[in-house]
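Visitor: Which chain is which? The protein sequence lines are L, C, X and S, in order. With the working numbering applied, the first sequence covers 1 to 138. With the working numbering applied, the second sequence covers 139 to 276. With the working numbering applied, the third sequence covers 277 to 414. With the working numbering applied, the fourth sequence covers 415 to 552.
Just so you know, these hints were derived from the structure itself, not from any lab. Ideal Cβ placement from N, Cα and C applies to all residues, glycine included. Any given hint might turn out to be false.
What the hints assert, rightly or not - Cut-off 30 Å, straight-line C-alpha distance, at most; resulting in silico cross-link-like pairs (BS3-like, lysine-lysine):
#	chain 1	residue 1	chain 2	residue 2
1	C	K217	S	K421
2	X	K390	C	K145
3	S	K491	L	K63
4	C	K275	C	K215
5	X	K320	C	K202
6	C	K257	C	K176
7	L	K7	S	K491
8	X	K390	X	K279
9	C	K145	L	K7
10	L	K7	X	K353
11	X	K339	L	K7
12	L	K64	X	K320
13	C	K201	X	K355
14	C	K145	S	K477
15	C	K201	C	K252
16	L	K63	L	K3
17	X	K314	X	K353
18	X	K353	X	K413
19	X	K314	X	K413
20	X	K320	S	K458
21	C	K202	C	K217
22	L	K44	X	K355
What the hints assert, rightly or not - Simulated restraints on C-beta separations:
#	chain 1	residue 1	chain 2	residue 2	range
23	S	R499	L	I91	19 to 29 Å
24	C	E268	L	R120	46 to 56 Å
25	C	I143	X	N403	39 to 49 Å
26	C	V177	S	N485	17 to 27 Å
27	L	Q135	X	S393	52 to 62 Å
28	L	N96	X	Q293	11 to 21 Å
29	S	K421	L	T131	38 to 48 Å
30	X	K413	C	N276	38 to 48 Å
31	L	T131	S	E416	50 to 60 Å
32	L	R120	S	P529	45 to 55 Å
33	X	R321	C	K201	23 to 33 Å
There are 4 protein chains.
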Amino acid sequence: MEKYIHKVQYYETDKMQFTHHSNYIRFMEEARTDFLEKVGFPYKRLEDCGIISPVIAVNVNYKKTTTYADNIEIEVKLKNFTGVRCEFEYIMTCNNNIVCTATSEHCFLDNNGKPISVKRTNPEFYNLMETLCEQNKN
Amino acid sequence: MEKYIHKVQYYETDKMQFTHHSNYIRFMEEARTDFLEKVGFPYKRLEDCGIISPVIAVNVNYKKTTTYADNIEIEVKLKNFTGVRCEFEYIMTCNNNIVCTATSEHCFLDNNGKPISVKRTNPEFYNLMETLCEQNKN
Amino acid sequence: MEKYIHKVQYYETDKMQFTHHSNYIRFMEEARTDFLEKVGFPYKRLEDCGIISPVIAVNVNYKKTTTYADNIEIEVKLKNFTGVRCEFEYIMTCNNNIVCTATSEHCFLDNNGKPISVKRTNPEFYNLMETLCEQNKN
Amino acid sequence: MEKYIHKVQYYETDKMQFTHHSNYIRFMEEARTDFLEKVGFPYKRLEDCGIISPVIAVNVNYKKTTTYADNIEIEVKLKNFTGVRCEFEYIMTCNNNIVCTATSEHCFLDNNGKPISVKRTNPEFYNLMETLCEQNKN
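With the sequences and hints as input, model every part of the structure.
Guide: Right under this line is the structure:
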C-alpha cells in the first residue's frame, strides 16, 4: 500500500523551530483515514452505518525532529482487530529516516455511545479488517 | 466587565518564534464564550435551546507579535445586534500594548440549519443582547 | 494555475459537525505556501534569504459549511504587491459551491524584525511577484 | 499542589461532539508549563538558560469523553528524573471522574540540539527536580 504523505505546514511548527509533537497525533488520524479509504471502507461510511470509533489510547515515540515543508511518509498497519477493539501501528519517515513510531487503539460505539462488536453489526467491515489484520501477521 | 486573559501556550507558537496568527481567531472564540458566561447566557445554554450561532465573517488586524507565556488581555464588545445577526468587537492587549484588533459576525440557525430571528424564538436572549448592544453605543 | 486542494480532517471539525471556522485561516496558509512553490519561490527559500513575511491582516467570509472528508479547492491570487506589503485573495469551493472567500495582507521583515522592501533586498523575488500581480490585473 | 484547570473550548471539540483526542496532548503541555511555574522554574527560564526540553514519548489512555465547556482538572507529577531525561505523569478528572491518564518523557538539549545533563549545566534546576521527584516517591 502506498504510504500517506503529510507535508508539514507552518502552523504545525513551534518556537523550537520543529513540528510540534501534538501534531503527530493528527498525522496518525490523517493516515488512518487514508488507510480506510485505500482499503475501500472510508471512515465516513462507518459513521453513515451508525458506528463511531473513538481513540482509547495512543503511544508515540518521537525519534527525530521534522520541520516546515518536510514531507513525512506514514506507513499504517492494522496490528490487532477483535471486532470490539482494534490497534493501528504507524511508522513515519522523512528523507528515509524514521522520525516517529506510534500505535493507536480504538473501540466501536453505536450512536448512543454503547460499545458494540462490529462482527454482528457490520460483517462486511469485520471481514475486511480481519483479512487485513491477518495479512500483516504473515 | 473584567477582560478575558489568554496565556499563550507553546503549541500556539510557530517557527517565527511568535504566536501563530490563526490562533487569534480561537482566542476570539474563547473571549466570546467568556463574555456570554459573564453576562449570564452561556453559549451552551443557547445550544440547549436548539440554537447554533456560526461565524459568518472575521476581520483581524495583527498589530504586534506575542509569544510563549505572554498574557493576552481581551476586551469583548457587542457592536451590533439585530436578532438575526450580531457582531462582536475585540481589542487584545499585552503589557499595555494593543497587539490585535478584530471583529466577528454571526447569524443564528435552528437545528435544521435554517436562519432564525432570536427575537421570536428566544426573547430572553434577545432582550439581554439588545441591552448590551445599547450600553456599548452610549 | 492548478488549485490547491485541502481534504478536511476529522480534527478540523467541531461539535456543530462542520469544519471549525479558525481552520480556514490555516487552509489559506497552506494554499499560499503551495502558490509560492508553484511559481518557483517557496516560502522556505525566502526564509533562507533572511526574510520573514508575517500576516498583518485577514478578512474571511464564510459562505457555506464544509465537513469531514470534503475536498476544498482553493484558488489563490496575488492581488496587490508593493515590495513592502502584499495582499493575497482566496476563493474556496467545494462541489462547485463557493464556501469561503478571503484576503490576507503581509509585510516583509528582516531577521531583526525590521520592515524591509524586497525590491532592494531580493530583486528576483520582487520581479516575480510584480509580474504575477500584473498578470492578475489583466 | 493546586491542580491545573483546562476549560474545553468549542474549537477543541469534533463532530463526535467530544473533545478531540489530540488536544489532551496539548492539555498535558499546558499543565506541565503550569507545574514548572508553580515550583518556581518556568520553562521560559530554562530556555533563557539555553536549554530546550523536547518531548520524546507520550502515552495516553482515554477513559471517558469530555466536551465543550467542561472543566478538566489536571494533576501533574514528576515520576522520574535523571538529569538527562525526565518523565511526567498526568491524571485528568472532570466532575470527579478520571477522563484521561497519561505520561510524557523528555530529554534536555542545548541550543545546538546536543543532549545534555542538566546536573552540570544547571544544578539549581537539577536539585529542584530531584527533590520534587523524591517527594512523589514517598
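Visitor: Taking the hints in turn, state whether each one holds.
Guide: Each hint tested on the structure:
Between K217/C and K421/S the CA atoms are separated by roughly 26 Å; this keeps the pair inside 30 Å, and the hint holds. Taking the CA atoms of K390/X and K145/C, the gap is about 26 Å. The hint holds against a cut of 30 Å. Distance check on the hinted pair: K491/S and K63/L sit about 24 Å apart at the alpha-carbon level, within 30 Å; holds. About 10 Å separates the Cα atoms of K275/C and K215/C, which keeps this hinted pair within 30 Å; it holds.
About 23 Å separates the Cα atoms of K320/X and K202/C, which keeps this hinted pair within 30 Å; it holds. The hinted pair formed by K257/C and K176/C meets the criterion: a straight-line CA distance of about 21 Å does not exceed 30 Å. Among the hinted pairs, K7/L with K491/S is inconsistent with the structure: their alpha-carbon atoms are about 35 Å apart, more than 30 Å. Our distance criterion of 30 Å between C-alpha atoms is broken by K390/X and K279/X, whose separation comes to about 33 Å.
Of the supplied pair hints, the one linking K145/C and K7/L holds, its CA atoms being roughly 29 Å apart against a limit of 30 Å. Proposed proximity of K7/L and K353/X is supported: the alpha carbons are some 22 Å apart, at most 30 Å. Taking the CA atoms of K339/X and K7/L, the gap is about 28 Å. The hint holds against a cut of 30 Å. Between the alpha carbons of K64/L and K320/X the distance comes to roughly 20 Å, so the proposed pair stays at or under 30 Å and holds.
For the proposed pair K201/C and K355/X, the alpha carbon gap of about 22 Å is at most 30 Å, so the pair holds. Restraint check for K145/C and K477/S: satisfied, since their Cα atoms lie roughly 28 Å apart, inside the 30 Å limit. A hinted pair counts as satisfied when its Cα atoms are at most 30 Å apart, and K201/C with K252/C does not qualify at roughly 37 Å. In summary, the hint linking K63/L to K3/L is supported, as the alpha carbons are separated by about 19 Å, within the 30 Å threshold.
Annotation: proposed proximity of K314/X to K353/X holds, straight-line Cα distance about 12 Å (limit 30 Å). Of the pairs offered as hints, the one joining K353/X and K413/X holds, with about 10 Å between alpha carbons and a cut-off of 30 Å not exceeded. For the hint linking K314/X to K413/X, the alpha-carbon distance of about 19 Å falls within 30 Å, and the restraint holds. Taking the CA atoms of K320/X and K458/S, the gap is about 27 Å. The hint holds against a cut of 30 Å.
Our distance criterion of 30 Å between C-alpha atoms is met by K202/C and K217/C, whose separation comes to about 24 Å. With a C-alpha separation of about 37 Å, the suggested pair K44/L and K355/X falls outside the 30 Å cut-off, and the hint is violated. Against the hinted window of 19 to 29 Å, the Cβ-Cβ separation of R499/S and I91/L comes to about 23 Å, which satisfies the hint. Range check, E268/C to R120/L: about 54 Å between beta-carbon atoms, so the 46 to 56 Å window is met.
For the hinted restraint 39 to 49 Å between I143/C and N403/X, the CB-CB distance of approximately 46 Å keeps it satisfied. Between V177/C and N485/S the CB atoms are about 20 Å apart, so this pair conforms to the stated range of 17 to 27 Å. Between Q135/L and S393/X, the C-beta spacing of about 59 Å keeps the proposed range 52 to 62 Å intact. In this structure the hint that N96/L and Q293/X lie 11 to 21 Å apart at CB is violated, the actual value being about 40 Å.
Between K421/S and T131/L the beta carbons are some 44 Å apart, a value that agrees with the proposed interval 38 to 48 Å. Checked against the hint of 38 to 48 Å, the pair K413/X and N276/C passes, with Cβ atoms roughly 45 Å apart. A hinted range of 50 to 60 Å holds for the C-beta pair T131/L and E416/S, which are about 52 Å apart. In this structure, R120/L and P529/S meet the distance hint of 45 to 55 Å, their C-beta atoms being roughly 51 Å apart.
Checked against the hint of 23 to 33 Å, the pair R321/X and K201/C passes, with Cβ atoms roughly 28 Å apart.
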